[in-house]
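Starting from the known structure of chain W, fit chains G and Y onto it as the hints suggest.
Here is how the chains run, residue by residue.
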Amino acid sequence: MIAEIGHFALILALFVAMSQAVIPAIGTRKDSPVLMNFGRRAAVVQCALLGFAFFTLTLVFVGSDFSVKLAASHSHSAKPLLYKISGVWGNHEGSILLWTVMIGIYSAVFACSKQDLPDKLRALTLACQGGLSTGFIAFILFTSNPFERLFPTPIDGNGLNPVLQDPGLAIHPPMLYLGYVGFSIAFSMAVAALILGKVDKDWAKWLRPWTMAAWSFLTLGIMLGSLWAYYELGWGGWWVWDPVENVSFMPWLLGTALIHSIMVLDRKTNLAHWTVLLAISTFSMSLIGTFVVRSGILVSVHAFAVDPARGVFILALLVAATGGALTLYALRAKTLFVPAEFERISKDGGLVLNNMLLATATFTVFLGTFYPLFIDAVKGSQISVGAPYFEATFAPIMTVLIIFMGAAPLLKWRKSNLSDLKVLRPSLILITLGIVTATVIFKTHIFAFTGLGLALYLALSSIIAIGRRTQWTAKLLAKQSVRYWGFFIAHMGVAILTTGVVSMSSWSHEAIGRLKPGDTLTNSGYEFTLQNPSTGRRENYEYLGANIRVTRAGKPVKTLYTEQRFYPVRDMVTTEAGFDFTPAVTIFAAIGEGNNDDGYIIRANYQPLVTWIWFGAFLMSMAGFISLFGGIKTADRQKGRA
Amino acid sequence: MRRFIPIIIFAIIGLAFAFGLTRDPRKLDAVLIQTPFPQFSLQSLEDPSARMTEQTLQGQVSMINIFGSWCVACNVEHPVLMDIAAREDIKLIGMNWRDERAQGQVWLAKHGNPYTEIIFDPESLLAVKLGVVGAPETFITDKTGIIRYKHIGPISPEDWTQTLKPVILELRAE
Amino acid sequence: MRGIFIILALMLAPLCWAQTPPNDALTFEQIEVRARNVGRALRCVVCQNQSIDESDAPLAADMRKIVRARLASGETEAQVMDYMRQSYGDYVLLKPPIQANTAVLWGLPFLILLIGLFWFFKPAKTAQSKTPHNNGTAS
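Chains as they are written, first to last, in our numbering: chain W, 1 to 642; chain G, 1 to 174; chain Y, 1 to 139.
Just chain W, with the same shape it has in the complex (with noise of 0.2 Å):
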């Protein structure tokens, strides 16, 4: 029965959305404050009715109702709560209802927000919310209903897939989907004001809470994924440029442009058209993400179940959504600010080139992730672009977005002078210093300090920008904005994470032994001993598990236990590594085949500062948190003083 009243409730749901999608558009143009105040109410309601579907499945799932074909073949009742509530969107039926709840949470928060947003603006913009959510809906209904019943019932459920329970799945998918959608807002908002002809400061103004809060989801769902392949996959992988990876990252660094350009428009109405298209570009990237992963498109290690209806469905939304924007785009570009002409040394002009810049770099993975697909239908050849491909490309422009990221802010608005940035001087000569004799000690590749260099030359150029700004005294420190100290936590977390990057890549060691019990193996001054070697058989696999002793110079460090799983029924065999994460080196050991006659293959890693990539990335998205609910008391109180 639950689940017959949660499909009722999503099928109000689309008639709630089509209303908000009419509706408020018809009042606009009548000029009617009650058809334009409708979009708000039905947000509201379209939330709750979405809202209310999703719990309804929670209930099925957490109930153990196996007559729905959703939970009988994603859930099993041996599940932990937990896992039983994850197994929801663990699936594309759940996940796509899950990413239109979201659709829904932040129509319903945009209608109530306290923005003092012209009525016409909020109303068209709800409109366009309303018709997506007529789409997802739709789309759904149609093609991926989650409350289909099954017959006859089976006695127990069939998600019990081991790989698949871990905290980090769970939480990892909505924080990503709430960046996703998050975009949603700022897309809509560029179609109402090409309606209106009205792209100004104010409109940035109004545009930026909503893009800075999908940036910080995306930016902490996007760790929160390469934290949980690291740990879960055990091969020292935090990126490995999966075309999944590559779709959620092209939102990601659209956005990051996204969130720099609405700065030069908030300054002095610049940059409208770039805007416009960036807010559009970057939930269309959004979609672009979930048609990939939907349709098996492209193949990958993360697609859900393909099937062909849902890609045709997906693509006729993107087409709709991003086609019906550019197109509305190339109509009305006219009405738009004509782009002023703009000082190149300013920090307006380090703005449009970090736009620039990655612009190039999304182009970059664009392009990789997607040519196989284009070579293909352009010259039936096949190819696969790895990982090799994205790293030789995207770290050259990384570089250089570095390089005048570290410069950029020490500018002033509008015109500034190369004199500005003579501070740098004395830091750039003594890291030019530094990376050239460490590499010539330590004879690395000429890139290992080189990239320690940059990052550190950003982490400088970040602290002299605030210490100018500053007049390096506390009591103007704490006077700053809270969005200057966004900025600051937020570039200090680009710089951290290159720190990461570079170390791990350059200084990381793999040791590949065949050991006996109590055979050592040594890796970058640590002992890895083999203890005990066990073989046995729990629930659904057969295992091999092994301590694995770790010392330094004699000393314990830590006792890591790995093992490797054998599934009879998947005829899958997987390995647990086991970790010790510290802030400075993180070690890790995995087993392999063996008996101990032969001894067992033993892999035993050495990966310094990896855990920094997780930590700067993680400093980003709360730089993004903090701005933006700093930014929203500020806008508050000012009210409140007028």
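No lab work stands behind these hints: they were computed from the structure.
Virtual Cβ for every residue (Gly too), placed ideally from N, Cα, C.
There may be inaccurate statements among the hints.
Chain Y is nowhere near these chain W residues, computed Cβ spacing over 10 Å in every case [to be verified]:
#	residue
1	L98
2	W228
3	A333
4	L477
No farther apart than 35 Å at their CA atoms in a straight line, the calculated lysine-lysine pairs in the DSBU-like style are these [said to hold, decoys possible]:
#	chain 1	residue 1	chain 2	residue 2
5	Y	K65	W	K379
6	W	K379	G	K110
7	W	K379	G	K150
8	Y	K65	W	K205
9	W	K516	Y	K65
10	W	K422	Y	K65
11	W	K268	Y	K65
12	Y	K122	W	K334
13	W	K205	W	K558
14	W	K198	W	K412
15	W	K412	Y	K65
16	W	K415	Y	K122
17	W	K558	W	K443
18	W	K334	W	K415
19	G	K110	Y	K65
20	W	K201	Y	K122
21	G	K143	W	K379
22	Y	K122	G	K129
23	Y	K65	G	K143
24	W	K205	Y	K122
25	W	K205	W	K379
26	G	K150	Y	K65
27	W	K198	Y	K122
28	W	K475	W	K633
29	Y	K65	G	K91
30	W	K114	W	K479
31	G	K91	G	K129
32	G	K129	W	K379
33	W	K558	Y	K65
34	G	K129	G	K143
Chains G and Y only, in chain W's frame:
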């Protein structure tokens, strides 16, 4: 007309996506067409002491079929192969891939043996040389032992009459 | 500005495979390390978009064995990669080789980067350094 640039770019991307939907990314084109069948030296499935090499394929048009007792699609294909072997005069060579010798033999005893000879490749030595991705796959070589055709997936009766058989007849006429 | 281009040139230069030293008597560990290098650069053709090094698929396991055997028999990393490329085509290489059908793939990102930087910095010279006295007029 700069304002039309974004929509034009998007149209191109959309077209590429639409094309992508019509393709199965898991299907790989054969790269070995028109090249000699790779050299190999493997045991025969029935007789571990007998060595089989690419010489087996010399002198006449042959069809090499990759199968395994573990392979579900092979069960579908097998009756078709049995039928072909019974009705046609053709050199059909089996390649038992990633299998246990005993299991492969039991499977053939149960379902019948359509093959003239069977190569035993438990460790994918020949399979990797042939660029095999999954079973079943079927290769056709000409009289000089050059690969001329590759069929991916189970052979249906229509595949046989409409594609494979004409190819073989053509190659025999060469 | 020249500095940036030098750095760029430096980054572009070593896009080729690390050469492996000639192997006389390889230890187990040496082969293992090379096998993993090769394994990471070869695509697992059945499981898709994983390297054979990461993949749990049976064919990937066999391919790993073959890679090890060939390295142990004295082949270089490049030779083993070529061997796999002969039977599976360019598809098996995770790093696409630079050739006619990948020219756009490899060239376009750098071209766009260079054009972008050129666009950004070129007018700055004329607009700014020649008119240092109009600070008063707002842009």
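Right, here's what the structure says about each hint:
no.: 1; hint: L98; result: 25 Å, holds
no.: 2; hint: W228; result: 15 Å, holds
no.: 3; hint: A333; result: 20 Å, holds
no.: 4; hint: L477; result: 30 Å, holds
no.: 5; hint: Y:K65 to W:K379; result: 34 Å, holds
no.: 6; hint: W:K379 to G:K110; result: 46 Å, violated
no.: 7; hint: W:K379 to G:K150; result: 20 Å, holds
no.: 8; hint: Y:K65 to W:K205; result: 59 Å, violated
no.: 9; hint: W:K516 to Y:K65; result: 21 Å, holds
no.: 10; hint: W:K422 to Y:K65; result: 58 Å, violated
no.: 11; hint: W:K268 to Y:K65; result: 63 Å, violated
no.: 12; hint: Y:K122 to W:K334; result: 27 Å, holds
no.: 13; hint: W:K205 to W:K558; result: 51 Å, violated
no.: 14; hint: W:K198 to W:K412; result: 27 Å, holds
no.: 15; hint: W:K412 to Y:K65; result: 60 Å, violated
no.: 16; hint: W:K415 to Y:K122; result: 17 Å, holds
no.: 17; hint: W:K558 to W:K443; result: 31 Å, holds
no.: 18; hint: W:K334 to W:K415; result: 28 Å, holds
no.: 19; hint: G:K110 to Y:K65; result: 32 Å, holds
no.: 20; hint: W:K201 to Y:K122; result: 28 Å, holds
no.: 21; hint: G:K143 to W:K379; result: 31 Å, holds
no.: 22; hint: Y:K122 to G:K129; result: 54 Å, violated
no.: 23; hint: Y:K65 to G:K143; result: 33 Å, holds
no.: 24; hint: W:K205 to Y:K122; result: 32 Å, holds
no.: 25; hint: W:K205 to W:K379; result: 47 Å, violated
no.: 26; hint: G:K150 to Y:K65; result: 26 Å, holds
no.: 27; hint: W:K198 to Y:K122; result: 32 Å, holds
no.: 28; hint: W:K475 to W:K633; result: 21 Å, holds
no.: 29; hint: Y:K65 to G:K91; result: 32 Å, holds
no.: 30; hint: W:K114 to W:K479; result: 26 Å, holds
no.: 31; hint: G:K91 to G:K129; result: 21 Å, holds
no.: 32; hint: G:K129 to W:K379; result: 25 Å, holds
no.: 33; hint: W:K558 to Y:K65; result: 32 Å, holds
no.: 34; hint: G:K129 to G:K143; result: 20 Å, holds
In this structure, the hints that do not hold are numbers 6, 8, 10, 11, 13, 15, 22, 25, in rising order.
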